[in-house]
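Visitor: Chain by chain, the residues run as shown.
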Amino acid sequence: MTTGMLLIGLAGVLASAGPLVFAAIGEAITERAGITNLSMNGLILLSAMGGFATALATKSVVMGFLAGAAIGGAVSAIVAFSSITLKQSQVAVGFVLALLCRDLSYFLGNPIMGMPGPRLSIAPIPGLRDIPMLGVLFFRQDVMTYASFALIAAAGLYINKTRPGLVLRGLGEKPAAAYARGANVSRLRYFYTIAGGALAGLAGPMYSLSIKAGWKGTITGLDGMGWIALAITIFGGWSPFKVALGAYLFAFLQWLGLVLQSAWPSVPSQVLQVAPFPLMILTLLFVNMGNAEWVETSLAKLPEKPRRVVAKALRAINVKPPAALGTPFEKD
Amino acid sequence: MLRHSMPSSRGTKALFQFGAVILALVLATLVLIATGAPPFAAYGSIVKGAVGSWGVASDTVVAWVPLLLVTAGLLVTFTVGLWNIGIEGQITLGAIFATWALRSLDGGQVDPGLAITIAFAAGMAGGALWAMLVGALKTFGGVNEIFGGLGLNYVATALNIWLIFGPWKRPGIASMSGTLPFDKAYWLPTVNEQSRLAPVALIVAIVAIVLIFLLIQGTYFGLKLKAVGKNPKAAFLLGIPTWQYLMASFAICGALAGLAGAVQVTAVYHRLIPSISSGYGYLGLMVAMLVGYSAVWAAPVALFFAALNVGAIQLPITLKLDSSLSGVIQGTLVLFVILAEGLRGRIMGKKGRAGS
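Chains as they are written, first to last, in the numbering used here: chain A, 135 to 466; chain B, 68 to 423.
What the hints contain is simulated information worked out from the structure, not anything from laboratory work. A portion of the hints provided could be inaccurate.
[To be verified] Simulated DEER-style distance windows between Cβ atoms: (1) W398(A) - L247(B): 23 to 31 Å; (2) I353(A) - P256(B): 31 to 39 Å; (3) G111(B) - S194(A): 19 to 27 Å.
Even glycine gets a Cβ: it sits at the ideal position worked out from N, Cα and C.
Isolated chain A, as found in the complex:
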């Protein structure tokens, strides 16, 4: 493999991770506010289909993306209503929506299946695109891939450095304290659930208008991406930078699978295609290890020196969810 091919391959990894960056950061924002939006898998499929259908009808890629965001927001509004207002199980409503939206996308998308349609074009940035190596990697992408780079920075700054970001963290960690300081917990949770869903809703059209252009129903190959986005959110410890890292890692593994496919033709392609999914779970195991009780008790038995080293290593990779994630808020 030449350097040029490698660079083009890696540029493809950056682009194909774009939807996962949007979906997983959207989910991270929602979960930071204390709500788990488990509908992600159906939400992405429905917004992919709806975005493509809208772009097809209006001949406008922009309208397609707007439709995707609107669908993502609307689906998440159901999650918000059910869990915040009606205090129903977030897992139950999210799981039902994950299946319902998937079937809805296949059913409604049937008439436009396999149709050629508009797609997002590559927009190289003049000047920057000619930088050796970096130009190919970063500056010959489409607008949404640039937007995914910007989103990582923007979300990271918002959550960690701004005042509303501080309130957002409070919603998921100690909603009662946020409430006592004057934050309208329910209304803000609605806002962040819908906003996170709208961000994730952009992931769908990123597939159907760019990375896997068109709508091909069950063979589109998008089924499962939403579940991976949810896993990446945990893997990244609800921090936008690490979440993005997880998305790039996953896209890289998928690309590696394709490369290995040509090297090992004897392995069925389906096996290598699904390989990144279990790998993702394996990493989840590692980042969650520190939360298990037996790890703590067996750590305590270790002699002083190795204990410090192991504890430090565990702390470095360990992630802890927002304390109030998934619990309804009662003001009393």
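With the hints as your guide, set chain B onto chain A.
Guide: Below, chain B alone, put in the same frame as chain A:
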């Protein structure tokens, strides 16, 4: 929370659920109208496709069997407060283990009855093992059972496809149509040549749901499961070894899912195919949610869902509609029942089923 329930609460609950079903049907009809499809012709086609002849009606029962088995298992995991989304993989592993058993016995020497019994037992063991892996990941690895289960679903799919295209491939060419069919002697006997309905499988499924109902409602073990499900910390403090109960419920659910996989292999397909779980695991989760995690209604609702699935198969031919319509109807039904339950709680001033 109110300590005494209001006398009319059962009546209002039924009223809200009835309203939810009507609303769900209205929404499904609107979806059909939006796509320009004739709604009543579509519903008619589903009914005809599900119960219109002896052939399709027996297909509906064939689909009911695995759905009933997985729903029975899921009632146990729901009782203890677990979301066993890994059930799809547990069905797949059951099918793989059952196939493995039959392939090892496939010399024609073993009595068919014994061979099929061994295949069923192997399937149950495979499903239980896969489920306990989810349980181990949760208990000892701190991995939420939803994500551990999802990941293992993908591993099960990969393993299945690898077997079909690798070690167990058909002589000559491997294909998506699955492994070579077993010796006919090892097929589970069906009511007649054309039908795939095996009375033994049907009896096993009905026995399973009855046993699970008795287990949860009538035994000390079931009572402890409920205690763990309601409040794991309190149950632990009262001396119930929480994680053992979680593992036991995973094992029971996995064994029933594995049995469903074994039934699909021995009675329906007579071989291992790539999508052997057919989405019955996820459908079972929907059934369990719709019946409010109680066993009494599980059987009729599972039959209804099976009928929807089988009835929708004809839609692409009769009306050029996608068969996912059945999933749309099932999904809206469950969604509206959940929303109605919440609304009822809000209107009646009660706390709804709050939680994760």
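Visitor: Decide, hint by hint, whether the structure agrees.
Guide: Taking the hints in turn, this is what the structure says about them:
1. Against the hinted window of 23 to 31 Å, the Cβ-Cβ separation of W398(A) and L247(B) comes to about 25 Å, which satisfies the hint.
2. About 37 Å separates the C-beta atoms of I353(A) and P256(B), a value consistent with the hinted range of 31 to 39 Å.
3. Evaluation of the 19 to 27 Å hint for G111(B) and S194(A) yields a failure: the beta carbon distance comes to about 39 Å.
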